Amino acid sequence: MLSVRGVTVRFGGVVALDAVSFDVFPGQIAGLIGPNGAGKTTLFNCLSRLYQPSAGEILFQGQSVLATPRHRIASIGIGRTFQNVALFDRLTVLENVMVGRHCQTHSSFAANALRLAGVVAEQAGAQARAMELIEFMGLEDFTHWPSGGLPFPIRKRVELARALAAKPKLLLLDEPAAGLNHDEVHVLEAQIRRVRDTQDVTVLLVEHHMSLVMSVSDKVITVNFGRKIADGTPEEVRRDPEVIRAYLGTAA
Amino acid sequence: MAASATSWATRRGIGWWALAFWIFMLVLPLMGSAFPSESFDYYMFMGQSMMVYAIAVLGLNLLTGFNGQISLGHGAFFALGAYTAAILMIDFGWPYWATIPVVAIVCFGAGFLFGFPALKLESHYLALATFTLAIAVPQLLKHKSIAGWTGGVSGLVLEKPDPPFGLPISPDQFLFYFCLLMAMILFWAAFNLLRGRSGRAMMAIRDHGMAAGTMGIDTSLYKTITFGISALYTGIAGALSAITVAYVAPDSFALPLSIAFLVGLVVGGIGSLPGCLIGGAFLVLVQNWSQSLSDVLKETFSLQYDVPSWAIYGVLLLLLMYVMPTGIAGGVLRLRGAIAGRLRRVETVRSKPLVLQSEGEKH
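Keeping their order, the protein sequence lines are chains A and B.
Numbering follows my numbering, with no gaps: position 165 of the first sequence is 165.
Numbering follows my numbering, with no gaps: position 156 of the second sequence is 156.
Careful: at least some of the hints might be erroneous.
Said to hold, decoys possible - According to the in silico footprint, chain A covers these stretches of chain B (three or more CB under 8 Å from chain A):
1. 182-193
2. 196-203
3. 210-217
Simulated from the structure, these hints should not be mistaken for lab results.
Just so you know, these numbers come straight off a predicted model, no measurement behind them.
A virtual CB, placed ideally from N, CA and C, is assigned to each residue, including glycine.
Using the sequences and the hints, build the whole thing.
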């Protein structure tokens, strides 16, 4: 489904990603791990076209991601959440999730201004779907609240609901467990599985929370200093000497 | 944080307050026939000006309040609209009403084009770039090469249109209705825009441009189109101003006009539609009141000199911003929220346990 081939990103003299390659297959939950600064978020930003790699290719369902403009990424089926939660703070939870429907709807400025019949129907559809997702994420109590004032764990869920509203085939989660407490991480784990099982999406997540990654992922890709050092099932990766070295350091 | 949850997405109709307001406006000119008075035509003219300013402020609000792009140069689009209408009427003999669609197209085009360089500029830099527009346009209008069209420094004098079909109302009553009709159409369109897909995209860009991009919004296109629509609104306001004042001159479109729009926007309420109407009314009233207040002050304290009306304007603005930092519309909403006890409800909802909605499925 997703095929990353030899992606290299340089910032000035720094090589943030060095010829990283891996594949994610349909229906998988794939975890991307690595120490801080390993290049995980950089890779995510290449996938959602915020950065332009200096070499390599990314294929999504056989289609070149790097040849697709940023605003078309959502409509080819790649959705994402952000490490520090990027909501539209002055819009309500419902409106945030409805913005997620943008790439699935098509009415123009003029049609909206005149509120043609098609617009009304489209709006009703978008709202119904958004309400479904709000219910799915257990956010009913906050439907009409401005998202800016909500507590952090709730905001993370809103962001996930918004990403799902775009009907992604591949969902990129950037540190979904960051800032959550022990109980909340358990809820999240169930939610990620539930999302994969019921919403028909493939998930790629960047995460530092090891027990979450190891329990939820079908495969784990490990990067360190911009290079891939391991790629396999959680069991394999856990035993990989390179991975152990990256996380625990080498004996002097 | 905001106490009341206002959701554009779920608004169905325009609401009772808005309906009551527009009906009141429709009935207003008829009062003149009931209570004939010398100064009634002047009040009608004030009403026209209020609506003209309200439309101009609405244009700026769409750009600044709803899309997060600032402009200190909207007086330029106002001028463009006014001169386009005036030239069409004088040099081409067009009727006043026919100029409006042309003004809309011309100003949309100008705004759209200006939106492209604006894409490269963030906040303060965009403010500065639009500022130059406000400074340059009056000078350009005076330029010799186009003085044949624009009338140079002395401007253009127009004829006030008469009421059509021999309607038994004065020209000012009629123009009041004409402005009202335009205002109703334009506010209705803006209202629809904001509660629809396009408006949500505009506001998403304002709140988080990068996230809006990953949601599939073409942020550059939306920002330039919003600039165009904003200029269209302000340009039509300019055309209405030319028609109702029956006179255009370059110096009435100088920097103070652009600043006045910004003042109207902030006083009325950034990101609020009723706020635009309040802002428009404020701009007209404050001009009149600060002068009369200045006279009153001079008399009461038997002062030797005039109190400059601009000083009074400044003090008024300062007080207002201190009491209602979110503008009059925001202040009224907060007051209403406080009265309805909404503020208390915020606390109770917040203190509910927040996690564990899907706890059941885990076990």
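Comparing the hints with the structure gives:
Given as covered by chain A, the stretch 182-193 of chain B passes the check, having 4 residues with a CB less than 8 Å from a CB of that chain where 3 are the minimum. Judged by the Cβ-Cβ criterion of 8 Å, the stretch 196-203 of chain B is covered by chain A as claimed, because 7 of its residues qualify and three suffice. Requiring three or more residues with a Cβ within less than 8 Å of a Cβ of chain A, the coverage given for the stretch 210-217 of chain B holds, as 8 such residues are present.
In this structure, none of the earlier numbered hints is contradicted; all agree with it.
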